[in-house]
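What follows is the residue order along each chain.
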Amino acid sequence: MSAHASHAPNRSGLWDYLTTVDHKKIAILYLIAGGIFFLAGGLEALLIRLQLMYPEIELVGAKTFNELITMHGTTMIFLAVMPVIFALMNAIVPLQIGARDVAFPFVNALGFWLFFFGGVLLNTSWFLGGAPDAGWTSYTTLALNQYSGIGVDFYVLGLQIAGLGTLIGGINFLVTIINMRAPGMTFMRMPMFTWSSFITSGLILFAFPAITVGLVLLMFDRLFGGNFFNPDAGGNVVIWEHLFWIFGHPEVYILILPAFGIISEVVSTFSRKRLFGYSSMVFATALIGFLGFMVWAHHMFTTGLGAIANTLFGLATMLIAVPTGIKIFNWLLTMWGGQIRFPTANLFAVGFIPTFTIGGMTGVMLAVPPADYQYHDSYFVVAHFHYVIVGGLVFGLFAGLYYWWPKMFGKMLNETIGKWNFWTFFIGFHLTFFPQHFLGLMGMPRRVFTYLKDQNLDMGNFISTIGAFGMTIGTILFLINVVVAAKSSKRAPADPWDGRSLEWAIPSPPPEYNFVQTPLVRGLDALWVEKMAGNKGMTPAEPIGDIHMPSPSFLPFLMSLGLFVAGYGFIYHNYVVVVIGLLFTLGCMFTRSVKDDPGYHIHEDELEEKGVKA
Amino acid sequence: MANHHAHAVLPDEPEKATLEGKNKVLGFWLFLGGETVLFGSLFATFIALRDQANGGPTSQALFDMNLVAVATLLLLTSSMTSVMATLALHKKDLKKIQLWLTITVLLGLGFLALEIYEFVHYVNEGLKMSTSAFASAFYTLVGFHGAHVAFGISWIILLQVSATKKGLTVVTAPKFYLACLYWHFIDVVWVFIFTVVYLMGMIGGKVG
Ligand code: HEM
Ligand SMILES: [Cu+2]
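Read top to bottom, the protein sequences are chains H and C.
Quick note: the first sequence uses this note's numbering, first residue 1, plus one each step.
Quick note: the second sequence uses this note's numbering, first residue 1, plus one each step.
Don't read these hints as lab results, they were simulated from the structure.
Among the hints, erroneous ones may be present.
Said to hold, decoys possible - Distance condition first, Cα-Cα at most 27 Å in a straight line; then the derived DSS-like pairs of lysine-lysine: (1) H:Lys595 to C:Lys95; (2) C:Lys16 to H:Lys63; (3) C:Lys128 to C:Lys16; (4) C:Lys91 to H:Lys595; (5) C:Lys166 to C:Lys91; (6) H:Lys595 to C:Lys96; (7) H:Lys595 to C:Lys128; (8) H:Lys595 to C:Lys22; (9) H:Lys595 to C:Lys92; (10) H:Lys63 to C:Lys166; (11) H:Lys490 to H:Lys536.
Turn these sequences into a full structure, and let the hints steer you where they fit.
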């Protein structure tokens with residue numbers, strides 16, 4: 001081992017985080033960046049709701065309203081919830097499978113910085129000539145030059161850069177889960193969160209290239225005189241719809257499957273029971289992942305694909321309710337007869353179940369093509385997808401954050417504030433979105449900036465806006481909780497919840513090498529198996545020895561910076577800037593490929609059961 | 001997690017000898033899965049738009065079988081030489097690897113030159129990106145493939161240069177292996193382009 005440095009390179013503070021390739025620190029970066037974008041998206045949502053609070057008011061006006069709804073949707077999906085999911089995946093998946101690291105630490109860091117710079121690029125549109133205003137779906141022809149401003153260029157380039165980051169992140173998780181499991185950790189012993197992360201990563205791999213192509217084509221049309229979507233020159237706008245939804249529908253399952261995984265872990269831990277129907281849960285997850293690719297055209301019933309296509313896609317869509325139903329019943333049966341506790345994490349998990357079920361039911365209603373002709377583009381659709389995305393995914397993320405916060409940061413979140421957080425958010429959520437079902441049925445269209453007085457829409461909209469304030473208070477309480485936890489001097493124990501899976505077998509927060517010795521896995525719920533056998537911790541699968549670690553690197557940041565700069569070059573048609581940016585990125589890639597990373601070793605006698613400073 | 005550098009004897013299948021190598025190979029296969037979706041989407045778009053000439057030149061008027069046949073021949077041969085490079089890799093013979101890869105690169109360059117000539121020719125015939133939906137779809141699909149070829153060439157050259165210094169090790173072996181895999185993938189895509197774009201384009205008539 002002569003060629004290696006034997007000590008961790010000296011790193012501290014900001015520089016540490018700019019160069020880190022440690023998946024636990026990348027998790028924290030994802031969480032911070034996703035959190036900030038979440039606040040931006042939330043602010044946009046509040047402005048939307050304020051504009052709609054009373055009929056016929058001019059708070060922000062039509063143009064800004066279009067920008068707000070576009071940026072709200074885009075930000076929330078791509079820049080807020082996705083990164084928070086990636087944060088939890090990065091923090092937890094390697095620990096759950098007993099791995100020292102991820103398969104590609106460098107690529108992992110690159111994925112984060114690409115996402116980050118893509119998101120920043122998109123958001124600078126607010127200050128540089130106007131945000132995109134063609135809706136988060138950017139339907140053509142609305143999104144072509146004739147009808148929309150420079151904002152859509154920011155959309156095209158920002159999402160392209162961020163999407164690349166997501167794609168390589170997905171590949172990293174797939175390889176990590178396939179190749180880096182500890183001895184004994186067979187696929188059918190993997191915790192549900194890891195399983196759902198695995199399927200989600202597979203969906204990312206096959207869904208994101210479709211949006212990549214869609215964005216390239218839109219970019220060619222907008223910037224280089226292409227004619228893909230220009231009907232006057234033979235183009236076809238429906239191609240955009242297909243490409244968008246071939247990505248877009250799997251995307252909603254990319255979002256919800258990790259939430260399903262979190263709920264499975266939380267419900268089982270806090271019922272002190274193993275997950276009911278584990279293998280059917282695995283099967284249902286895989287089936288949902290597969291069906292997720294078969295149903296994209298249910299977003300296009302009103303496009304005119306014809307009765308046969310609509311019928312087939314409608315039926316395929318309804319099929320998804322079957323594996324989803326299996327999951328709901330399995331969670332209920334896990335709780336049945338368990339010793340249930342209700343810390344905040346479990347409150348969110350239990351609140352998730354009925355809320356998501358309502359969202360699923362409205363989904364099946366929408367999947368009936370003739371009925372969809374009535375609901376489509378009405379507030380009913382808005383109510384549906386918020387029930388699944390906020391009532392499902394965001395509740396799931398809160399559950400996961402309360403559950404794993406001690407593991408990630410070594411500090412417990414405060415339970416009293418947590419309960420207030422839950423109740424304000426939960427009640428605020430239902431106040432906001434439940435009335436929207438009826439608003440939609442009564443004829444309120446989506447994406448309009450105001451409505452007339454005395455058409456029975458006043459009351460519902462007013463309540464909805466009040467509810468939005470409830471959710472805001474819930475979010476602020478969460479932030480307060482984070483600050484309180486950070487200030488508190490009490491350290492979290494390794495296993496605060498009497499957990500079942502491997503992440504609870506190591507200190508909170510984990511040391512940079514995760515496991516001193518790779519654990520030997522002897523069953524599903526690996527740690528619980530040992531606890532039941534009367535053992536204090538995991539049985540090691542290897543003797544203590546030196547641990548090899550990858551070196552930190554500034555290149556991921558620089559590579560992403562190059563693309564960021566090139567992005568502006570494209571938007572402003574300045575091709576010198578494009579070339580400079582791209583050459584810079586290529587130069588970094590070149591450096592990386594000729595300079596192999598020997599990494600460094602942590603010596604046996606330096607190993608301690610202590611955590612990293614987070 | 002062994003990461004050894006200098007080995008007196010290279011293990012068999014040196015590209016998969018370390019966990020890093022195994023990870024790279026698997027990760028690359030997955031990446032190619034994503035690339036398949038990428039090209040699939042481009043093909044679907046092309047098929048939908050191939051008859052939308054908008055009054056400009058059509059594929060029947062433009063395509064020249066001889067040129068495309070030569071280009072195809074060059075690329076397919078280069079696929080074969082890259083297989084030879086992989087075989088040499090398994091025999092751990094760096095000299096042979098370098099030789100076969102050099103031939104691969106030269107053939108690839110020949111292909112690229114023909115493609116550039118072809119594009120320039122079409123532009124002179126009045127087929128620009130902005131002429132029609134067919135033009136946009138054609139240049140994007142075939143151009144994307146061409147960009148992949150160009151990237152592949154630069155990648156292989158880079159590997160060859162750095163291997164003269166580093167030699168064949170468990171670190172460089174996976175890189176060679178992947179570059180050859182990538183090169184194959186590009187060839188397979190070309191076979192589809194040859195069929196869908198050129199053969200179907202010359203026969204003409206409405207198919208899609
Ligand atoms: C049983 C499950 C589900 C069914 C049957 C279903 C069905 C549908 C249908 C038919 C539409 C199109 C409505 C229209 O535009 O007229 C739709 C829209 C939508 N769904 Fe679902 N869905 C389900 C679950 C989900 C989940 C789990 C998510 C996200 C986590 C989700 C997110 C969305 C979104 C974001 C839209 C609106 C897209 C837009 O037009 O902006 N759905 N759903
Ligand atoms: Cu859908």
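Consistency of the hints with the structure:
Annotation: proposed proximity of Lys595 of chain H to Lys95 of chain C holds, straight-line Cα distance about 22 Å (limit 27 Å). Straight-line distance between C-alpha atoms of Lys16 of chain C and Lys63 of chain H comes to about 57 Å, which puts the hinted pair past the 27 Å bound. Straight-line distance between C-alpha atoms of Lys128 of chain C and Lys16 of chain C comes to about 46 Å, which puts the hinted pair past the 27 Å bound. Pair hint Lys91 of chain C plus Lys595 of chain H holds up; C-alpha atoms about 26 Å apart against a cutoff of 27 Å.
Proximity of Lys166 of chain C to Lys91 of chain C is assessed by CA-CA distance (about 18 Å); at most 27 Å being required, the pair is judged to hold. For the hint pairing Lys595 of chain H with Lys96 of chain C, the CA-to-CA distance comes to about 24 Å; that is within 27 Å, so the pair holds. Our distance criterion of 27 Å between C-alpha atoms is broken by Lys595 of chain H and Lys128 of chain C, whose separation comes to about 42 Å. Note on Lys595 of chain H and Lys22 of chain C: the hinted pairing holds, with a Cα-Cα distance of about 20 Å set against a maximum of 27 Å.
Only pairs whose Cα atoms come within 27 Å are accepted, and Lys595 of chain H paired with Lys92 of chain C is accepted, the gap being roughly 22 Å. Annotation: proposed proximity of Lys63 of chain H to Lys166 of chain C is violated, straight-line Cα distance about 59 Å (limit 27 Å). For a cut-off of 27 Å, the pair hint linking Lys490 of chain H to Lys536 of chain H stands: about 23 Å separates their Cα positions.
The structure fails to meet hints 2, 3, 7, 10 from the earlier list, while all remaining hints are met.
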